[in-house]
Amino acid sequence: MSRLIAIVLVGLATVGILEAINFGKQAELHAYHVSVSPGGNELLRAPFDAGQPVTLRADAGDSLDIELDAKGKEIGGVLTIAGSNGRARLSDDKLLGLGERDCATSVSGGWECKVFWRITKPRVERLSLLPTVDAVTITSVAFSTTTISRAPATTSAALLLFLTLLVALSPLIVMTRRVSLRLELLILIGLSAGWIATTGVVSALAIAAFLVLGYFLVRLELRRRKTRTSILLLAVGFVVLVLFYFKVLAPYASAAFGQTSSLALPLGLSYFAIRLIDVIFAARAGTLKEVGAIEFFGFMLTL
Amino acid sequence: MSDSSSLAERMRRVSWLYIETRARAAGFLATLAILTILALRVEFGHSWNLYAAGGQVVKAGESYPLLLQAAGKAYQETGGDLVVFVGGSAVAELTADDSLLSRELTSRCGRDIQFVNLGSSRQTYSESWDIAALVPENRRRLLLVGLNPYRVSFDDSDVISEQLHNPTGIPASFSLWWSIAWHTGHIGSPERMLTSLARQITLGAKWSLLDLLISRPTVARQPSEDPFQPDRSGYPGPALAQTEKLKQANDYIAIRTLNFHDRYRAGVKWFNRLFDHFERPGSDVRFVLTPTDETFGKVDRLISNDMRDVVNLLQAKNGILDLRPQGVDLGSDDFFDVQHMTAKGRAKLQPVFLAEVSRALGCMPGASR
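So the sequences go chain by chain: A and B. Letter by letter, the first sequence follows residues 149 to 451 in the numbering used here. Letter by letter, the second sequence follows residues 18 to 386 in the numbering used here.
Since the hints were derived computationally from the structure, they do not count as laboratory data. One should not assume that every hint holds.
[Unchecked claim] Subject to a maximum C-alpha distance of 20 Å in a straight line, what follows is the list of computed EDC-like cross-link-like pairs (lysine to aspartate or glutamate): (1) Lys269(A) with Glu179(B); (2) Lys286(B) with Asp326(B); (3) Lys264(B) with Asp217(A).
Keep in mind the model is a prediction, meaning the values are calculated, not measured.
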């Protein structure tokens, strides 16, 4: 049993290391003071440093270019902009200044506004800040990540395509049943495995590892000579631990570090977990006497 | 928990598909066939355009329903050559009433020409492609695609995200679905009609379930009272003051020029893909660079190098209708703002526009067709 615990811990540690590697990828904010050159034929961009206020003048066409590189992740966060001596306007027409929504008076007597910014595309996104009337002084711009969308395991489009394929193939699959039930099962296992594989190699490997370990735990339960609670606890504990990791620990850890997980929630993990517990309890109760590998994977993947 | 002693028995009791008899198999296949036929009928039929039929109340200025009506009327299986103009609001505001331009082009070319302006506010690249893809295959067509810095400022992620975002209610096309899948690896939803119909219903279309299967006869819309102030126009008032236009130009510089500079190469690639797809015998594509107010000169000076690059990168080197440097004396009264024309401006530009389109149709000396 200690070997099994070691296997579980090594598996979880591996996934944890993968996640930790991703922790270095923090969202990066850059701001530039943009102005038109005296000749009018060039756009000048000077980096904006916090602590060095910049005054944007409307007649000169000045603006502040705020760029956020979310490292390809879908994130949301609060953009905090501080300024004085006038009001500013974001490119989405949101007004910033004293008396405006989500704005407050700062300690220096100016204003500080908070704007929620959501990044949905895997590229550097940009917001422009302009003076509303004559001029405005911007003292600081900062961004803090607050929400991170976990990468979806699949899309509705992919699901629809797979179901369409399944319906189209269903007459053929049913025909194979007349040849051999085992053949039909193998085809269905192949289709399901292929479908899971399309959601990503890492997710597919995680599911495969989970099912293989689950299969050995069921076999272990079937081979027991007498009722031993420890095996049952180990099996159920394994399932619960994996679920806890993916459903609770990883998302909370990612949010706490302002990061998104590199590993999408493996497709159907909860479903597989419930089925595995069902089989483990059936084995323990004695209503399940035997289990072959193909039967097991067919049961888990195709019903 | 079950009493079966093996998983095989448990699986057999709850089989994923109960087809154990010939009668059940026949029933399954018959149901599958009927549902498939109905789904294909809705997906590939011409009944998607709820606004094409009569009984729809559309007022002047309701640009999206008007666009659907115009497309429904123009996209008939029979008729002469079709000139389809797609693009953003600058395109929608560029030309006079479709019926007037159709008459003028027919007169110049000596054959039946039907002109339809299907420009719309913030029309995306995807929408332009989807509108073009609906043109009946059996009609000769000239596709005019309006371009400006904003329209070229997009990349792969924009095309992917906007594939099914069609504010006009035009359905997404399979050809764009395939092009996106081929060039980016992104597989979009193969279903295209539900979002289109849902959008038309939110726009106020009157419909019944039968409309999804059987298309109703198209009803022609009356021409606009003032041919140079078409119903689709969204800028009926007097031109903005110069100071307002200068403010717009400054906004344009702050908000759009950097995106244009960063993304135009990706945008041009997609427009070249559009050209490759729609340019073939009986189907020509021309890119149209639309004119702008003199206050836009401030922007032009900043982006001129990039715009020159855009023109060079576009494969359709001979297929660009540049309406900007023409000899038309367009003044500040001819533009409502920096890029949308007024009725006066349309009237001034019309001779040049007609000449360029006639040339593209092969009806003028020096014609390219």
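Comparing the hints with the structure gives:
1. Lys269(A) with Glu179(B): It holds: about 12 Å lies between the C-alpha atoms, which stays within 20 Å.
2. Lys286(B) with Asp326(B): Roughly 12 Å separates the two Cα atoms, so the pair holds.
3. Lys264(B) with Asp217(A): violated, 29 Å
Hint check: a violation occurs at hint 3 only; the rest are consistent with the structure.
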